[in-house]
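With the sequence shown counted from 1, adding 291 to any position gets you my numbering.
For the record, the hints were derived by calculation from the structure and aren't laboratory data. Treat the hints loosely; a few may be bogus.
[As the list claims (entries may be wrong)] Below are the DSSO-like pairs computed for lysine-lysine, each with C-alpha atoms no more than 30 Å apart in a straight line: (1) LYS765 with LYS786; (2) LYS762 with LYS796; (3) LYS538 with LYS581; (4) LYS512 with LYS581; (5) LYS581 with LYS562; (6) LYS765 with LYS827; (7) LYS460 with LYS538; (8) LYS460 with LYS558; (9) LYS512 with LYS550.
[What the hints assert, rightly or not] Per label pair, the in silico range of CB-to-CB distance: (10) PRO714 with ALA608: 38 to 48 Å; (11) LYS827 with PRO715: 41 to 51 Å; (12) ALA530 with GLU341: 21 to 31 Å; (13) PHE637 with GLU602: 20 to 30 Å; (14) GLU808 with PRO715: 50 to 60 Å; (15) ARG518 with PHE603: 49 to 59 Å; (16) PHE603 with VAL329: 44 to 54 Å.
Treat the numbers as computed from the prediction; the structure is a model and nothing was measured. Ideal Cβ positions, reconstructed from N, Cα and C, are used throughout, including at glycine.
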Amino acid sequence: MVTVSDAYPRTEDGALDIERWLSRINVHREPSQMRQLVGAIDLAASLPDEPRVPEGENVLEHGLAMAEILATLQMDTPTLTAAIVFPSVEYGHLALDRVQHKLGKEVKRLVEGTQRMQAIRALQTDHQSHILSAEEVENLRKMLLAMVDDTRVVMIKLARRLQMLRLCKYLDEATARSIAQETMDIYAPLANRLGIGQIKWELEDLAFRQLNPEAYRDIAKKLAARRIDRERYINQVIAILKREIDKYGIQAEIAGRAKHIYSIWRKMQRKGVSFEEIYDARAVRVLVPKIADCYTVLGIVHTLWPHIPKEFDDYIATPKPNGYRSIHTAVIGPEQKALEVQIRTFRMHQESEHGVAAHWRYKEGKSSRGDDAAERKVAWLRQLLAWQKELASTDQIMRQFEQSVEDERVFVFTPEGRVLDLPPGSTPLDFAYHVHTEIGHHCVGAKVNGRMVPLTTPLSTGQTVEILTRKEAKPSRDWLNPSAGYLRSHRARQKVAQWFRRQEKTAHIARGREMLERAMTNRGLSGVSLQGVAEKLNLK
């Protein structure tokens, strides 16, 4: 189900109660760290006229909501600080230089990194009529990864997207649907592949509510109608399990599992079954201290109730690509009702909810340097690789991982909003030939982000490139000179070389015809048809 965050704490006169808000997130933070958060709040609060984000909130409230989302993921203080001021910077109300002056270089770098990811929004907002192909969605994902060198930037972006979706009801329908579709295409898969279940579920449910409101309301209504009966049933199951698990001396936590409307709907579609036939509409989760305890509990569950064939997954023995570990089983429980049981350790549960945030807790006040930083970068790339299309084997994953480390790509926009994947160091001329051979042949100039640039300019991820052409223009031999720097792509150089070979062939044919016609004239054969001669000699 969609969750709604608590209202911002306010004083009697209706103003934000900053002290109470800070108490919500003051978990193991030093006084100096709390002062940094207060500094960010003061900076955003000092802006004149209380600027607002498009969804209606003022920039400070929006930043506080983002920071609170990140606090639930136990992110570090610089990340929360950057989140608080990010909306102010995003909409041009606060300069990055001022952020650095007041809050430090690290916070400024995080805000700047999150801004770079905003290029993704340009495609939907500027080109809403353009329907993304599977290849374009994949290129957008790759582009996003290429722009990121710090995990925390992605976390801020996901928090921004989640808060934006929570407020979608204040936007016009077309904009809300565009944001929801982009979330399904880009951000929910990213949260999933990073193992951040806590964010993924809410992103999907909120987006699904915008994209398919009828189906959303239907499932929500059915869940609500059965809530009392389901809670009674789950409490009965919990009591039985607790009694049996206690006999083995295992310190377990047992609870009903949250119901996520989009996952229920997907399962209904995938299996072609009704809502009543979905096992995880009734579900419990068992958390235990050790892996061995997981299998002990599994044995208890299967002893208590008959197991449903083909409804068993051991993700502890074989984790999902995003690192998710748990045992899932379905049984015919009390009252002959289908029941799903998930079993995992406390640590596995923490990882499944917080994903990469659980693995990569940044140490407060310490920089990421040396071997630790290198290891984090490698682990980051490994996590993100799983976000790409499903690969058939571990060997393929490792090949793609090695390629991504050794040969990072450049992702740029066309003026129409398409994303093109180019080799590193590519120039506007490489871009032109990638779009179409004839555009490359007739290229006379280029604009990057609206400004004229030399054709030798190296392109960077996130830029928009426009090629200027003239019908009578043609390639230059300088383009084939590697030291001149016009072309980086082997494919583009091949196209230019082929053009010159065709010109040379045409010139040779014309020269040969001229020589033959002169020789025939000298011999009094000027009236003879060359075509006829060729046919008699069986020449083509």
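50 to 60 Å was suggested as the range; check whether the CB atoms of GLU808 and PRO715 agree with it. holds, 52 Å
Given the hint that LYS765 pairs with LYS827, does the C-alpha gap stay at or below 30 Å? violated, 38 Å
Checking one constraint from the list: CA of LYS762 to CA of LYS796, max 30 Å. Satisfied? Roughly 22 Å separates the two Cα atoms, so the pair holds.
Within 20 to 30 Å: is that where the Cβ-Cβ distance between PHE637 and GLU602 falls? holds, 25 Å
Compare the distance between the alpha carbons of LYS460 and LYS538 with 30 Å, and conclude whether the hinted pair is satisfied. Violated, at about 50 Å.
Confirm or reject the claim that ARG518 and PHE603 have a C-beta distance inside 49 to 59 Å. violated, 28 Å
With a cut-off of 30 Å on the C-alpha distance, tell me whether LYS581 and LYS562 pass. violated, 33 Å
Between ALA530 and GLU341, does the beta-carbon spacing fit 21 to 31 Å? violated, 52 Å
Between LYS538 and LYS581, is the straight-line Cα distance small enough, at 30 Å or below? holds, 16 Å
PHE603 versus VAL329 beta-carbon gap, inside 44 to 54 Å or not: With a Cβ separation near 51 Å, PHE603 and VAL329 satisfy 44 to 54 Å, so the hint holds.
Verify the proposed pairing of LYS512 with LYS550, using a straight-line Cα cut of 30 Å. holds, 13 Å
Okay, PRO714 versus ALA608 on CB: inside 38 to 48 Å? Taking Cβ atoms as reference, PRO714 and ALA608 lie about 40 Å apart, which means the hint holds.
The structure fails to meet hints 4, 5, 6, 7, 11, 12 and 15 from the earlier list, while all remaining hints are met.
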